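All chains, please: the whole structure from these sequences, using the hints.
Protein chains: 2
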Amino acid sequence: MATYAVIMAGGIGSRFWPASRKARPKQFLNVFGDATLIQNTVARLQGLVPPERCLIVTHERYVQQTKEQLPAVPEENILAEPISRNTAPCIAYAGAKLQARDKDATMIVLPADHMIQNVQRFHETLHVAIEAAQAPETLVTIGIQPTHPATGYGYIQYDGPSIDEAALDAYPVRTFAEKPDVATAERFIDSGDFLWNSGMFIWRADTIMEQLHTHLPKAYEAFQPVREAADTPEEQEVLHTAFQESPRISIDYGVMERADTVRVVPGDFGWSDVGDWRAVYELRDKDEHGNALEGQVIVHDSSRNYVQSDDDRLVVLVGMHDTVVVETDDALLVCKRESTQQVKNVVEYLHAHQLDEYT
Amino acid sequence: MATYAVIMAGGIGSRFWPASRKARPKQFLNVFGDATLIQNTVARLQGLVPPERCLIVTHERYVQQTKEQLPAVPEENILAEPISRNTAPCIAYAGAKLQARDKDATMIVLPADHMIQNVQRFHETLHVAIEAAQAPETLVTIGIQPTHPATGYGYIQYDGPSIDEAALDAYPVRTFAEKPDVATAERFIDSGDFLWNSGMFIWRADTIMEQLHTHLPKAYEAFQPVREAADTPEEQEVLHTAFQESPRISIDYGVMERADTVRVVPGDFGWSDVGDWRAVYELRDKDEHGNALEGQVIVHDSSRNYVQSDDDRLVVLVGMHDTVVVETDDALLVCKRESTQQVKNVVEYLHAHQLDEYT
Chain E
1 MATYAVIMAG GIGSRFWPAS RKARPKQFLN VFGDATLIQN TVARLQGLVP PERCLIVTHE
61 RYVQQTKEQL PAVPEENILA EPISRNTAPC IAYAGAKLQA RDKDATMIVL PADHMIQNVQ
121 RFHETLHVAI EAAQAPETLV TIGIQPTHPA TGYGYIQYDG PSIDEAALDA YPVRTFAEKP
181 DVATAERFID SGDFLWNSGM FIWRADTIME QLHTHLPKAY EAFQPVREAA DTPEEQEVLH
241 TAFQESPRIS IDYGVMERAD TVRVVPGDFG WSDVGDWRAV YELRDKDEHG NALEGQVIVH
301 DSSRNYVQSD DDRLVVLVGM HDTVVVETDD ALLVCKREST QQVKNVVEYL HAHQLDEYT
Chain P
1 MATYAVIMAG GIGSRFWPAS RKARPKQFLN VFGDATLIQN TVARLQGLVP PERCLIVTHE
61 RYVQQTKEQL PAVPEENILA EPISRNTAPC IAYAGAKLQA RDKDATMIVL PADHMIQNVQ
121 RFHETLHVAI EAAQAPETLV TIGIQPTHPA TGYGYIQYDG PSIDEAALDA YPVRTFAEKP
181 DVATAERFID SGDFLWNSGM FIWRADTIME QLHTHLPKAY EAFQPVREAA DTPEEQEVLH
241 TAFQESPRIS IDYGVMERAD TVRVVPGDFG WSDVGDWRAV YELRDKDEHG NALEGQVIVH
301 DSSRNYVQSD DDRLVVLVGM HDTVVVETDD ALLVCKREST QQVKNVVEYL HAHQLDEYT
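Residue numbers (my numbering), protein chains in the order written: chain E, 1 to 359; chain P, 1 to 359.
Everything labelled a hint here was simulated from the structure, so no lab data went into it. Do not take every clue at face value.
[Unchecked claim] Label pairs and their in silico Cβ distance ranges:
1) R284(P) - P82(E): 48 to 54 Å
2) K179(P) - K179(E): 35 to 41 Å
3) D164(E) - Y349(P): 46 to 52 Å
4) H300(P) - E137(E): 45 to 51 Å
5) E137(E) - D311(P): 55 to 61 Å
6) Y349(P) - Q145(E): 41 to 47 Å
7) R248(P) - E282(E): 48 to 54 Å
8) D285(P) - A35(E): 44 to 50 Å
[Stated by the list, open to error] Subject to a maximum C-alpha distance of 16 Å in a straight line, what follows is the list of computed EDC-like cross-link-like pairs (lysine to aspartate or glutamate):
9) K22(P) - E357(P)
10) K336(P) - D322(E)
11) K344(E) - D301(P)
As the structure is a prediction and not an experimental result, all values here were calculated from the model. Even glycine gets a Cβ: it sits at the ideal position worked out from N, Cα and C.
In structure tokens form, the structure reads like this:
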């Protein structure tokens, strides 16, 4: 039995504007100064999944960047989506390919743009999940132990001891909950049996394809020709049709919430989805005034700021606090740190006002 | 009797960083979108002093910019200081030149970088001052009716009715006061007989030269060779020595505070010294959220900001309030509006840290 990683790298991450652009999405950015998020995602699998068994699913416009950033990943492992259709078609594609290559494959599905601080603990968690995923019809996900009543994540309620006493084990999932309001999120936290939905899944390729067959038969059927043509010159010919025929739906809605046997392993390994600039600020080293500064930056009477300057410009802050300043060649964002979630609205505004050159 | 304007344009205005630079000082900037400050200073004299009788005193490095910005001012009226030595030598130079050209000249000395909203009232005020300056040994200044207990200006106390009842007249000056602390400024305002020192002076050329002779004899002596060589090929030869020998002192300290017959005309014509970005914000038109935006700027959930972008960059503010954002080709300032006075400290810092390329 071999384990494969399927890294989903088709998103744009518009809350990272102006650094993230349609041509340069978040997962290809060097957010923390060492490597890009996708490079780190592959690197932290070392010892568990070698690059030759990593598959990257991305939009075809990002194939070249993916090759350049991940030279150790074989070219045939870079799966190009002709159109973006949410996660269910993406997973059906990867599942079909893996079934064709290795009928005994187990898949670890990971977002390309998350950050994990405790890699050893992450591996231990995945080992438990991989083992649990060998049981018949079983889909496994990782649920993050919540640190606060976040409203930006979905939640997973499980059957088992409360989080403080939970073991590193695969517990039955009771319900998936949508992103809650604050009051609901607080209730979830208080109840002690809710975890954050991390978007990480572990299952056998044959299991997920069976479950797609049961719960999303159109997606399953759409990708059967891909499975048959996998790794042949015909694959590209049938791929576009498969994506067009497949319903545009997430794997969470399409399968996880409908499946009978879903298990969750509580994860506690310093996880962040690096969801916005505030998250980057929180993850970065800071000076004695709480400033995290990247580039040529001078601060005067200023504290708890995040500044990132791409180019040779001098950036000066005077009397500023709790502010995010990000500049690129053609755009500048100045944002209150508590408002960084709203940056995605700016990108929508740019699209709506014929300012696509800045998106 | 002819009236001349002597416009002092040798400063840098470092509180206007990053727009103002050593190579492009504040007076040469187009701050309000119509013309540069020095162009406005000359233009608002129309009807009182024609450009042919305007003299511009500036550092020699700014002579070319002055010519380009003020084509109606004759070249021989652009007086180049070889070194910057505060206002007393500057005025001695202009006084010596004017004495040589017109022994009956009256001088209006004006800073190049102020803003005046009510030009008609400004002219009326100057007419009163010009008339008062014809009396023997009399130096006249304009005192601005204060609107708040500012700590950034010197004050002038006069003998006469309290400001509310004062006529447009030249009142005897009792004292000049340095920039006060807040408590002192409040006391000044409450007393009703203090005005802001505007740095505008009106006197006959022979009067100021006599007063220099009495109170700053070294400055007077230094510029006698300039007077003798005025408008001849020898002028440049003696000029450097004159500036070197003249004491480095302001006309306020050197003459005004020591002279016996000083009068002040209260001015109420919508004056601003445009001293920092906050002052620019206050003078600019604003949208319904109190934002004054120059360039390609998008604001979201933001109010009372001043944004100025020189180039094609898109600037986006999210959740920001009471903030100044000024960007140029090579530098960006983000400054709390209440901290704009501190911008000059940044320029000092740049000088002290071998970052002169940004000054």
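Hint compliance check: list the failing hint numbers for this structure, sorted ascending. When the structure is compared with the hints, only number 2 turns out to be violated.
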